[in-house]
Each structure stands twice: as structure tokens, then as C-alpha cells.
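S.K.: Now for the letters of each chain:
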Amino acid sequence: MKYVLFICTPVGGEELSPAQIADDPRFTSYIDEVRSRDIVKGGARLRPSADATTVRVQGDEVLLSDGPFVESKEYVAGFDLIEVADLDEAIALASRHPAALGGGSVEVRPVWE
Amino acid sequence: MRDVEAAVAAAFREEWGQVVATLIRVTGDWDLAEECAQDAFAQALDRWRRDGVPRRPGAWLTTTARHRALDVLRREAVGAQKLREAAVLARDEGPGDPEYDGDDSGVRDDRLRLIFTCCHPALPIEARVALTLRTLAGLTTPEIARAFLVPEATMAQRLVRAKRKIRNAGIPYRVPPAHLLPERTTGVLGVVYLLFNEGYAATAGADLVRTNLCAEAVRLARVLARLMPDEPEVLGLLALLLLHDARRATRVDAAGQLVTLEDQDRTAWDKAAVDEGAALLENALRRGRPGPYQIQAAIAACHTTAATAEDTDWADIAALYGELTRFVPSAVVRLNHAVAVGMSEGPEAGLALVAELEREGELDGYHLLPATRADLLRRMGRPVEAAEAYARALELVENAAERRFLEKRLAQCRSV
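As they're listed, the protein sequences go chains A and B.
Numbering-wise (our numbering), the first sequence opens with residue 31 and increments by one.
Numbering-wise (our numbering), the second sequence opens with residue 1305 and increments by one.
Chain B with its partners taken away, still in its complex shape (with noise of 0.2 Å):
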């Protein structure tokens, strides 16, 4: 009994996205896509204790979803048009059929017509990453709410609204054409950047989903690789979160409290995860063709493959993070520069480019700027202008663990 539970609730991780963007091409119906794949899930259960699991869960559920497509198309009497198309199909991609392969093209066109859909750069951003997260991972509105710290009634807003705006827009069910394809696919992997983001740099509270987002996120990314193996910043964007996330387990103690990089338990890190991140990475870097995720996944490289803290090589990273700013001329990525400038060629040389982040204002607010400063300046063994810079980034800091780290530096720093 519990295997069978089990199975579902594996098939629905791998197969949601690929049902339901399977019977959207089918029905051109969003809603009608969600429902018959949540109906096939429902039956599933039922059915598998009964029959054992199938062979291959995905194209059962696919095919159970369609039948059902298929009845309420029926029932609504829709043109005759559609309903041969959705016939025809339920007849011959069905699990039954010899020719049918579940890694067939078509099947993975129609996952990545979903992300693209889904990742339209006429849709805001926000319903970009909620439609998603609904649509492709399967989250409950209730559930992407909580993520996103809305309320349940704006969040499911949202997602009305976007996939009226699909409709009535006339946004194309497609993967976009060759030309658009580069700019289209930036858009996408910043979706699932922001996701694992989300759900790793927690802005605020404390919610178990969150961590749930960054799993999300980092299986959006295999799919995005397998089904675009030739582009290097697909790779980049997978091997960056399979890199970060091999430390998640270390960031925080028992006690909630936020340990850095130095401080992390690097025996606990995902060592698996660190190597195939590692190998993604250079696997994309021997192509040719840079861009900020591959950089970004190098600079993970640097900090995940040293042995110890001591190891890193910082100038390395340094030299990282100024190619980056090429890619992403942001302030927030000059900040990491001065970070790193201060740790390979020292505090002084650090503060030097804290301070004009300083002079040009663009990042007043931003509690990791003072926060910067405070650190260098403590490791200049200047305590009192570092105390002075501490507790200006906890005038700023929302999030709680943060706060108590910043709090814990504060207090070393008036104690000497």
C-alpha cells in the first residue's frame, strides 16, 4: 500500500509537468489540462493498487488523462475538429502502442512549449514564475502563495489572469523560432533562477517550501539541459544550482543560526551533487560560448572544490566576478567583486571599491553594502568603525538568521 502511495507521489514529481502540457496541446485548454491530469492522478492511486504500478507511469497517466479529455470534450460537444485531434492522439501515443517511447521528440516538445509558454516575456514576471511553478512542478495555489509570502487570493489571481492573457493574447503554445530562441531561453532560465533563489536566499520567514522551491528549481534545470543539450548557459544554470545546493544542509545550524562558507562543515556537502555540477560546468566551458550562469557556476567551482576554506582561490574568483560584471554590470555584482578583492589582494584593496559602491548610491538599503564593510574593516582590526558599519546593516536586514549573525559580529567586534 505505502509503495504504491509512494509511486504516485514519485510519478507526480516526474510526470506532472509533462502530463499536463501534453493535454494542453491537446485541448488548447489550460484548465482543462490541470483537471484531467489531476483527475488521472486521483485514479492512479486507485487503479495501481489494484493492478500494480505500470510499466511506465508516464504515458499511463498521460493516456488516462486524455481519455478523460476526451469524455468532457464530448460532453461539451466541442467542433469535430478538436475532438478527432484529441482521438487520434489518445489512440496512438497510449502505452499500448509498440512505437510509443515516453522520451519520444514529442513528448519533450511539449514539456518545453510549457516552460516558454509559461516564461512569455508578455506575461509579468511574476505570473512567469507562478504559472511555472503550477503548471510544469505541480505546487497547489495555496502552496506558490506561501512561497511567495501573498496572500492565497492574489496568487490564485494571478494565475487566472495569466492564462486568460495566454488565451485572449494569443500567446503561442511553441517553442519559439530559431532566432528568437536565445533571447526567449534567457528568459526562461531567469525563471528558474529566481525559483532556486527563492527558495535559497529566503527574503523572509521560515517555511518548509521554500526548500521545496530550490529541488524545484534544480529539476526544472535537468529537464531544461536534457531537452536543450547544446546550449552552454543551460548547462552553466544547472551545474550553478547543483552547486549551491550541495552546500544547503551546511548553511544553517541546528540552532537556525547562519554559518558562511568559511565555517561550513564541508564534509557535509553533497559531494555527489558538487561533482556532477563540476562536470555539467565543464562540459559547457569547452564550447566556447561564456555567459553569467557558466561564470557564476565557476565561481561555485572555486569555493565547492577547495579542500578547506584556505584553499580558496580567491583571486581566481576575483578574476571571476570581473568577467561577470561584463555579463551583469550591477552593482549587487561589484559588491561580490570588492568581496572577493578583499580577500585575495586584501581589506584595503576591498574597501577601496566598497567605497565607491558608497559614493554612487545605488545600493543605500541593501544590508549586505554595510555589511561588507564591517567585515573588511574587522579584518583590519578597525572594531569601532566596524561595530559603526554592523549595526547600520541591521538597521537594514530582514531576514532572521541573518540578523542573529550580524547581531553575533556586532557583539565581537564592541567586545575587543
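Pulled out of the complex, with its shape left as it was, chain A reads as follows (with noise of 0.2 Å):
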């Protein structure tokens, strides 16, 4: 099955740049791990919430808005895209990720195929 895991950083942690992630000892066991067995199809890491914008429409009008329009403890700073047996499976390789292991969170959710 393939699942999207929603990558989530604490607001105001810290805001790693991808080539500071590729050299963070941190990450660096987690990507080779994932690498490795070949389970992670795509993905990306986002820019800082500060740089979002947020799109809504009411009647004819477009509203724009500074960053996510939520407040939140927590915001998607990056997603991976992954193809794993089940959700087990998907349990285990979010926990051993670094954001988790670092104070965020990862959101686990099955595409919808």
C-alpha cells in the first residue's frame, strides 16, 4: 500500500535546509535506511510555513493570506511518499524518522487508490 507521510516540525524549531539535512548525522541513518530498501517513491521538503500562502474564495473574490490560515503547534514541513505492506509497516518507518524522534509529529495517511 502507499502512504503519505506528512513530515511535522514544532513552530519556531528548527528549519533545516534539504543540504543541511543530507549532512545531519540525524537524518543521515534514516535516509540510508529508507534508501536502501527502496520504499520511499517521492517526497519533498517544504519551505518554512512563513513563505505559505493561503488560497480561499468567497463568492467571486480570491482571499489571500500570509502562511497557513490555522493556528497550530505544528506545521507540514515536508512529505515522503512511500510503498510498504501495511500500515505496520508504515507505523515503524515513521517512528524511526528523525522529526519524530525530534519533538514533531509524522501523520500516516494511506493514498487513496
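To be clear, the hints were calculated from the coordinates, so they are not data collected in a lab.
Bear in mind that the values here come from a model prediction, so they are computed numbers and not experimental data.
Certain hints may be false.
Ranges of calculated distance between the beta carbons of each label pair, as one might list FRET restraints [to be verified]:
hint, chain 1, residue 1, chain 2, residue 2, range
1, A, Ala122, B, Asp1617, 43 to 49 Å
2, B, His1483, A, Pro48, 29 to 35 Å
3, A, Gly73, B, Arg1696, 26 to 32 Å
4, A, Thr84, B, Thr1458, 30 to 36 Å
5, B, Val1454, A, Pro55, 46 to 52 Å
Each computed DSSO-like pair below joins lysine-lysine, with the alpha-carbon atoms no more than 27 Å apart [unchecked claim]:
hint, chain 1, residue 1, chain 2, residue 2
6, A, Lys71, A, Lys32
7, A, Lys32, B, Lys1712
8, A, Lys71, B, Lys1469
9, A, Lys32, B, Lys1575
Interface residues of chain A toward chain B, partial, derived using beta-carbon atoms under 8 Å [what the hints assert, rightly or not]:
hint, residue
10, Met31
11, Asp118
12, Pro140
Note that beta-carbon positions come from the ideal geometry of N, C-alpha and C, so glycine has one too.
Put the two chains together into one complex, using the hints given.
M.R.: Here it is, written out as C-alpha cells:
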């Protein structure tokens, strides 16, 4: 089954760039593992939520606002698309993700297939 | 005629979970599995009247349900692979097969698989309980709704959502691998314990289904103990439930009044259940891996094996509660510890611990906190303060039997 792991980090936490992540020892073992097992089928590190713009439409009017519109303690910092046998395997992978280990969280969502 | 109905009813209690579990494995479809199981039990009523009760009712029911599933799958023209699988299973494991053994590991695994799937931590806790009752105990949706005091539509939706999540989120239908087993087993035991408590200390109402919940919980605990005979906490849970359940008949008198442990008629306790519970506990403790269920069972055993209320070893109980707080550092456990200390070292010592809990405020709104204070003060010969505390407990209590008990104590204190 395919799942998307939404990697969530606490607001005001570290905002590492993809290059910094690639060099960070907290991430390297995890990255090596998922690469060697060919589990990850896609994904991306996203720019911080400060760079986000939220679009809503009311009637004919397009409303833009700065950042995510909900106040939250965490924001989505990136996502991975993975392919594994079942939820237990997805949870096992998510529970080793450095973001989950470092005070953030990982939301596991099955892909609608 | 009556005999056949009794045989079907007994088979339903004993075999429902196993039939459903096997059918889920074969078809991968929870609704179809339940439908086919229901169909098999309906057929049993007719066929057993005509042909007599089969030697192994469980095997007969499983085979009949499988054949039904095969028919449905054929009609729906599902994938050839799935059909082949179902057909092979229907042929190989039937009651006509000399190799077939109703207790073989395949069957046992099915039931265990079902419990672990129903109690998967990715499901909300209410759904875990409801699904366990539905698929393993065969309770109907209205029965489960009544037991948990929610509207039937709410319970139906809860069950539909849970089954949908199992399918859509890819929750595996299996016993978790060894490294996950301890943490997942804790969750499964928690659900069975919750079922029992809901039946034993009903939060409100007086429904028959609630005593059935105790029986179902004991039965599920038995299944788990048979399936995991080397897990001391599993044995501990079964021991705990049996020791509590042994006293069930004496906890309320003919008028529906709550009877406290010290006033219960000990000769009316279920001696067989007490002995079985005590033996199970001993077996569990010998393994040297204590846990919260074994400790709670040991506490229950202190009560149920004492010849009279005066013989109760309160020092032992206080020590066990002290031990329990290491595993379960909750305020409720500490309140029980305070009660036991009050009994073994005197009410003053208990009151000091109660005062500590009151300062922390975590149990604000819990009627047993002022009720405990009241009882300690009553025993210290301070009826005026005791009455005040009883009155506070009465503002918070919800269960009718407990309310009447507190009212009686309050009246006693006021008449001193």
C-alpha cells in the first residue's frame, strides 16, 4: 500500500535546508535505510510556513493570506510518499523518522487508490 | 427441540469469534464474514434439529460459513486467486477431514489475529471495545450501544468507521511480530479489562447486558490465556477478573443496595472462581515478571481468600498498592493505597494520604475522594466532619446504588 508521511515539526523549531538534512547525522542513517530498502517513492522538504500563502475563494473574491490560516503548534515541513505492506510497516518507518524522534510528529495517511 | 436451541446458543457463545475470525482470514471482508457466520448459525438451528447436533459444532459452523462465503464470492465473480484460496480452505479444514483438529494452531491464530486487529492502537479506544464485542463476542449493535449508553446509530457508525479504517488504512489482520507483542498485548488486555469494569462498576443505569459484559470479558480473558499461556500478565488479568467476578452476586443486596466488601456474605462467593483465580495468580507470579494485573489480582486474592473481613491482611494490601503505584502512578491507585493504609495503620495515616491527594486536586470531582475522607473520619469518631464529606460525595456520585449507600452513611453520622 502507498502512504504519505506528513513530516510535522514544532512551530519555532529548527528549519533545516535539504542540504543541511543530507549532512545531519540524525537524518543520515534514516535516509540510508529508506534508500536501501527502496520504500520511498517520492517526497519533498517544504519551505517554512512563513513562506506559505493560503488561497480561499468567497463568492467571486479570491482571498489571500500569509501562512497557513490555522494557528497550530506544528506545521508540515515535508512529506514522503512510501510504499509498504501495511499500516504497521508504515508506522514502524514513521516512528524512526528523525522529526518524530526530535519532538515533532509524523502523520501517516493512506493514499486513495 | 429445546436441546437443539440450547446447543446452538452454547455454540454461539463458544464459537462465534472463531467462525468470524476464520472467515475474515479467508475472505478479507469483515462484513461478509459476519454475514456468513450469522447464516451458518441460522442454518444450524434447522439442520441440527433434523440431523442431530454434530460432534464438533465449531467445525460444522466454520465449514458451513465457508461454503456460504464461497457462494457469495463466486456470485460476485471476485478474483480467481481469492476464490481458490477460499475453496482450498473449505476443502482442507472441514470436519470430514481426518487431519482436522478444532484446536489446531491455525484456528487459534485466527482468533488471536482478530483480537489484535480489533484492538489495534490506530483505532480509537471506543471503537476497539465495540469491535471486540461485535466480532469476538457476537453482541449485536443495539446491545453494545445499550451497554455503553450511546444511541444505537452512534454505535453503528462507530463500528462502520472502525471496519472502514481497518480496510482503508491497511491495518494488518495478524498477530503483531514479536518485538511489538508486549506493547500491543497491553492494549488488548486493557480493552478486556475495560469491558469487565464497564459491566462490574456500571457508571449509570441498571441493564442486564452489563453483567453479560463481565461474562464476556472473562471469556475473552480465558481465550487470551489459552492462546498466550506464557504471558504472566495475561494470566494475571484472567485471575483478577475471576477473583472480582466471584463476588459479583454479593455486591448488591435484594433491594439493590450496594454491599461493601466487609459486609458481603462470603459463603455466597463463587468458590470455584476464587480457587481458579488464586491458582492462576500463583502460576503467573512464579514466572517472576510482575505487572499491574498480577498485582491487582494479588490484592483481590487477599480479599477473597480471607475467611472473614477481620482476617483481611491489610498490611499486605497496602504494600501491594504501594507496589502498584510504581506501575500505574495514577491518583486513583494512590487513593486505594490511602484506603488500605487507613485499614492497616489506622484512619489517621490514611487521612494524611487523602489530604495530600486533595491538595494536588487531580481527583477533584471524583466522588470516592470525599467518600474516603468521610469513611476515615467516621471511623475516627468525628461524625460532624464525616457528614460534611458524605454530603460532598453525594453531590458528585452518579450511580444509584452508590448514592443510596452514601445517603445511609450520612444519615448514620447525623444521628450520632
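S.K.: Of all the hints given earlier, name the ones this structure violates by number, lowest first.
M.R.: 3, 7 and 9
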